[in-house]
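Peer 1: Sequence lines, in order, name chains A and B.
Note that the numbering used here has the first sequence beginning at 1, numbered continuously upward.
Note that the numbering used here has the second sequence beginning at 256, numbered continuously upward.
I should point out that these hints are in silico values taken from the structure, not numbers from a laboratory.
Among the hints, a few may not be true.
Output of the computed footprint for chain B on chain A, the stretches with three or more beta carbons under 8 Å from beta carbons of chain B [said to hold, decoys possible]: (1) 28-40; (2) 63-77; (3) 103-116; (4) 142-152.
Each residue gets a CB set at the ideal place from its N, CA and C atoms; glycine is no exception.
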Amino acid sequence: MLWRLFAIFWLCCSPALAEEEQVVLGLSQDRVAITANFDGSEILIFGAVKRESPIPSGPPLEVIVAVAGPSSPVTVRRKEKKLGIWVNTDSVLVDLAPSFYAVATSAPLTKILSDTEDLRYRVSIERAIRSVGAAMHIRGAQDFADAVVRIREDEGLYSIREDTVAVDEQTLFRTSIEMPADLTEGEYVARIFLTRSGSVISQFETTIDVRKVGLERFLFNMSRQQPVWYGLMSLVIAIAAGWGASTAFRLLREN
Amino acid sequence: MQIYLPIAEVSVNAFLLLGLGGMVGVLSGMFGVGGGFLMTPLLFFIGIPPAVAVATEANQIVASSFSGVLAHFRRKTVDLRMGTVLLTGGLMGAALGVVVFNYLKSLGQVDLLVTLCYVVFLGVVGGLMFIESLNALRKSKKGTTAPPARRQRGWVHAMPFKMRFRTSGLYISVIPPMLVGLCVGVLSAIMGVGGGFIMVPAMIYLLGMPTKVVVGTSLFQIIFVTAFTTMLHATTNYTVDIVLAVLLLVGGVIGAQIGTVIGARMPAEQLRVLLAALVLVVCGKLALDLLLQPSELYSLGRSGGH
Chain A
1 MLWRLFAIFW LCCSPALAEE EQVVLGLSQD RVAITANFDG SEILIFGAVK RESPIPSGPP
61 LEVIVAVAGP SSPVTVRRKE KKLGIWVNTD SVLVDLAPSF YAVATSAPLT KILSDTEDLR
121 YRVSIERAIR SVGAAMHIRG AQDFADAVVR IREDEGLYSI REDTVAVDEQ TLFRTSIEMP
181 ADLTEGEYVA RIFLTRSGSV ISQFETTIDV RKVGLERFLF NMSRQQPVWY GLMSLVIAIA
241 AGWGASTAFR LLREN
Chain B
256 MQIYLPIAEV SVNAFLLLGL GGMVGVLSGM FGVGGGFLMT PLLFFIGIPP AVAVATEANQ
316 IVASSFSGVL AHFRRKTVDL RMGTVLLTGG LMGAALGVVV FNYLKSLGQV DLLVTLCYVV
376 FLGVVGGLMF IESLNALRKS KKGTTAPPAR RQRGWVHAMP FKMRFRTSGL YISVIPPMLV
436 GLCVGVLSAI MGVGGGFIMV PAMIYLLGMP TKVVVGTSLF QIIFVTAFTT MLHATTNYTV
496 DIVLAVLLLV GGVIGAQIGT VIGARMPAEQ LRVLLAALVL VVCGKLALDL LLQPSELYSL
556 GRSGGH
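Extracted from the complex, chain A is given alone in its bound form (with noise of 0.2 Å):
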């Protein structure tokens, strides 16, 4: 009864909240299978931009989107010079960092989206990355963000491709997202923002399943599960081959 009375109400009152325009969204995929050949994988995202009334006048319709991986904390290390040789001293905790993270755009970044509105919606790399307790004693706390960033886009982690988003007629996009061989397992989550003169107008958010399957997801558990048994079964596999090669090489000099 409680549920039918808040839908009654949600139904009420959507049409007040409903925005001018709306995302609707196609997947060429939504999951990822990491099997034992993965070798990356190539998403497309395309969609069309539904509305009730005309195209407003103004500024074009421009597209963002966002895919990100999941977030965990990370500690970002510096080396200095100690001693004559060059090892860890300070370290900072990044909060929440994505393991994954590309923007596409459909014009450059910071001509399509005002920094109040980035700074709501966590849209560019910098933004999308948390650090409130980088410690205050250590000098250039900054530098440790910047340098998960750095690093990150170096390994093709993090991306930004700007004028990658194909927009038709205001209404239709389309862009791909190329997800690199070395993922980690989760919700990838896809956020499509649709901006006019830097600030958005809507945006939609769908997930994306990145998972071990079949021998991977097989030998990731057990070795999670049953560490003896994974340990144990390792060393058989070990032992067997040493002895199979030692005597098939026997086996062969003798003949």
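Use these hints to put chain B onto chain A, whose structure you have.
Peer 2: Just chain B, lined up with the frame of chain A:
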């Protein structure tokens, strides 16, 4: 062919791993060493996380040592009694090593510790071996053979708890072999090596064991110590990557057999000079990494739950 490693969570070329395994296998067969001291740095280099590289390499050494020790059993060149004493020390050392490893991992100093261990031990062992084998080469060219050195009767023989080791023809205290085993166990857990390159000289120069039983006995105890290390890493850190291990050991065991054949055809002194040079090159490379300013001063570590 790219292959995704389930534990390391990186994608690497399978043929590259087979090739690396094979190459290190040939060297280990030629020189009678496990090859861990070469393989572990190579794995770091191709982007395997250090913790996974060290744990997985321990597993691979089980395979190559087992393959090697079978040949020595057939030739009856394994001192089981000495092996067991070394092993007792080795297992304690390995447990200690894993504790130290995990502690330093939490401090973020594990890379430094591993690299320092490599530089120090490879430098010392490589340097000594290089000088010694060059001298031997020079002498063999002159055609004069040095008089056989007398067995030292130093502090090793003055200790209590004496035991008779028939295969080695020794009657010594069990404390020195225990200590040697302990040290090598610690190193094996920290560096992801079998420790043969330290064990073998220690057995010859410190314990005075005859050279012919040294390699077999060292292999015998390395199997157990590295198996134990593998289990410890697998149950405490979950860092043994079985797919990586299989690829490395397939290449490794085949390479080792080929290496043994090559090794048997080369003169022993030249072989030792080559091995010493190889050890020094690896040592020099690692030392440079410590001394030169790295291009990236920052590094990322996983923290908390993964």
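Peer 1: Now tell me, hint by hint, if it's right for this structure.
Peer 2: Hint check:
1. Chain B is given as covering the segment 28-40 of chain A, and this holds because 7 residues of the stretch bring a CB closer than 8 Å to a CB of that chain, at least three being needed.
2. Counting residues of the segment 63-77 of chain A whose CB falls under 8 Å from any CB of chain B gives 6; the rule of at least 3 is met.
3. Coverage of the segment 103-116 of chain A by chain B is violated in this model, with 0 residues showing a Cβ closer than 8 Å to a Cβ of that chain against a need of three.
4. Coverage of a stretch by a chain is defined here by at least three residues with a beta carbon nearer than 8 Å to that chain's beta carbons; for the segment 142-152 of chain A and chain B the count is 7, and the condition holds.
Consistency note: the structure conflicts with earlier hint 3 alone.
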